[in-house]
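First residue of the sequence shown? That's 408 in this note's numbering, and the numbers climb one at a time after it.
Think of the hints as simulated: they come from the structure by calculation, not from any bench. The model shown is predicted, which means the values in this text are computed figures rather than measured ones. It cannot be assumed that every hint is accurate.
Derived DSS-like pairs (lysine-lysine); straight-line CA-CA distance at most 25 Å [stated by the list, open to error]:
1) K550 to K536
2) K438 to K422
3) K510 to K479
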Amino acid sequence: MNSSSSTMFFVLSQKGKPLLVMDDDVFRLTKTTNTTKYYRCENRDCTATAHTDLNNVLLKERATKESTPIPKIYEEESAKMILKFSTIAILPSQREMSSSLNKARRLETPPIRDSQIFDIPYLYSRTIKNEKFLCVDKFIKRKTRILLFASN
408 MNSSSSTMFF VLSQKGKPLL VMDDDVFRLT KTTNTTKYYR CENRDCTATA
458 HTDLNNVLLK ERATKESTPI PKIYEEESAK MILKFSTIAI LPSQREMSSS
508 LNKARRLETP PIRDSQIFDI PYLYSRTIKN EKFLCVDKFI KRKTRILLFA
558 SN
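Required output: the full structure, derived from the provided sequences and hints.
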């Protein structure tokens, strides 16, 4: 493998196990230590192995940092991949990926409060362009709060 021109990305198998796809070869995770993940090529004739650090999440990263719908993220990331048919057959479908991506997104979203007494996170008070989005946040009386969101 020529490392200077190689394409490398991570996906989950249909069983939810991490896979490394590099230059049309699929590598299955075999061992994880405190600092390194070890992968072995799935092709029985291939003796290649790969070692990575522990930070190798791509789709989940987009799902948690963007508000783009999950199917669109899956479609865009799939379109970036130029793969052999044998590799495409191993990849999980969008429907299989949605569950884990939605879970990752939910974990990043603050829970809905039972009370109207809570702080609004800074992220939700600004627009994507970092302009003011939360215009009014006032308590009128004991159990009444007014939140007014607007942007230009």
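Each hint, compared with the structure:
1. K550 to K536: With a Cα-Cα distance of about 33 Å, the restraint between K550 and K536 is violated, given a limit of 25 Å.
2. K438 to K422: 17 Å, holds
3. K510 to K479: 16 Å, holds
In summary, the one numbered hint that this structure violates is 1.
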